[in-house]
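Enquirer: These are the residues of each chain, in order.
2 protein chains.
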Amino acid sequence: MNSGRCAACRYLRRRCAPDCIFSPYFPSNNPQRFVSVHRIYGASNVGKLLQQLPTHLRAEAADSLYFEAQCRVEDPIYGCVGLVFLLQQQIHDAESQLAKTLAEVAVLKSHAKHPQAQQFEAESDFNNLLQKQLDNVANLSFSNQATSGFM
Amino acid sequence: MNSGRCAACRYLRRRCAPDCIFSPYFPSNNPQRFVSVHRIYGASNVGKLLQQLPTHLRAEAADSLYFEAQCRVEDPIYGCVGLVFLLQQQIHDAESQLAKTLAEVAVLKSHAKHPQAQQFEAESDFNNLLQKQLDNVANLSFSNQATSGFM
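So the sequence lines, in the order shown, correspond to chains A and B.
Anchor point for the first sequence: position 38 equals 77 in our numbering, and the numbering is continuous, going up by one each time.
Anchor point for the second sequence: position 60 equals 99 in our numbering, and the numbering is continuous, going up by one each time.
I should point out that these hints are in silico values taken from the structure, not numbers from a laboratory.
A few of these clues could be false.
[Stated by the list, open to error] DSBU-like cross-link-like pairs, simulated, lysine-lysine; straight-line CA separation at most 35 Å:
hint	chain 1	residue 1	chain 2	residue 2
1	A	K171	A	K152
2	B	K152	A	K139
3	B	K171	A	K171
4	B	K171	A	K152
5	B	K87	A	K148
6	A	K139	B	K87
7	A	K148	A	K171
8	A	K152	A	K139
9	B	K87	A	K171
10	A	K171	B	K148
11	B	K139	B	K152
12	B	K139	B	K171
13	B	K171	A	K87
14	B	K152	A	K87
15	B	K139	A	K87
16	A	K87	B	K148
17	B	K152	A	K148
18	A	K139	A	K87
19	A	K152	B	K148
20	B	K171	B	K152
21	B	K152	A	K152
22	A	K152	B	K139
23	A	K171	B	K152
24	B	K87	A	K152
25	B	K148	B	K171
Keep in mind that this is a model prediction, so the values were computed, not measured.
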């Protein structure tokens, strides 16, 4: 028998009131969604968090809680923070490659203007520019990271 | 009087046993650290999560729980997921700029070999290469994101 209760009320074996805080965000056809957030945060904390938000923001909050809970279930040590580390590394790699490529563009442009330049000069210019760009990346990438206090 | 209890046991007004699960990770000189994780996850869930991990991994887990809890306190709607979105945007921007710059390098190199090429051809080459690189970025950036199911 389908009682019409949401996933949370079914799991907690209680009546699902018309104004149930979980009902719009934890439908009965996706019980795992509630199980995950309940396991990590506890139903009471999830309910309190949703309750303190304006109604139109609760769906987004429920989604992000579910996402973080899933991350923590899959990676109990780092949770969502593991993903943050991974993305920071990707940014650093992309910015390093960009710095290298920008230095290459600058050298190619300078040699298009002065085609008589020696190969030795080209390499020296490139290395100087690359070092400058990499210094910029190093300064930019990790100075403003929100995780700097954590790492 | 300093009872020698950890921040968790002080907050919960209980005796701090020698094998207290919180004690090594929530020292009494940083009460806010425990308050944050307790507010978001609840002491019992934090204790359970730490208990199920090998001892040498608990410090990292306590750090990441604290980081995520702080994110959620500061941004109750998106928490740590807000930071993930921000980093994904940064990666996308860096990869788009990289694609553009790689296309520029390819055109400059091709024109260094064939200096007689027309300006019109140069622009056309550049736009074709750029489109190709941007297509690659679009395919790479968002196909493998761990958040694809969430967004």
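Enquirer: Of the numbered hints stated previously, which ones are contradicted by the structure, given in increasing order?
Expert: 5, 6, 9, 13, 14, 15, 16, 18 and 24
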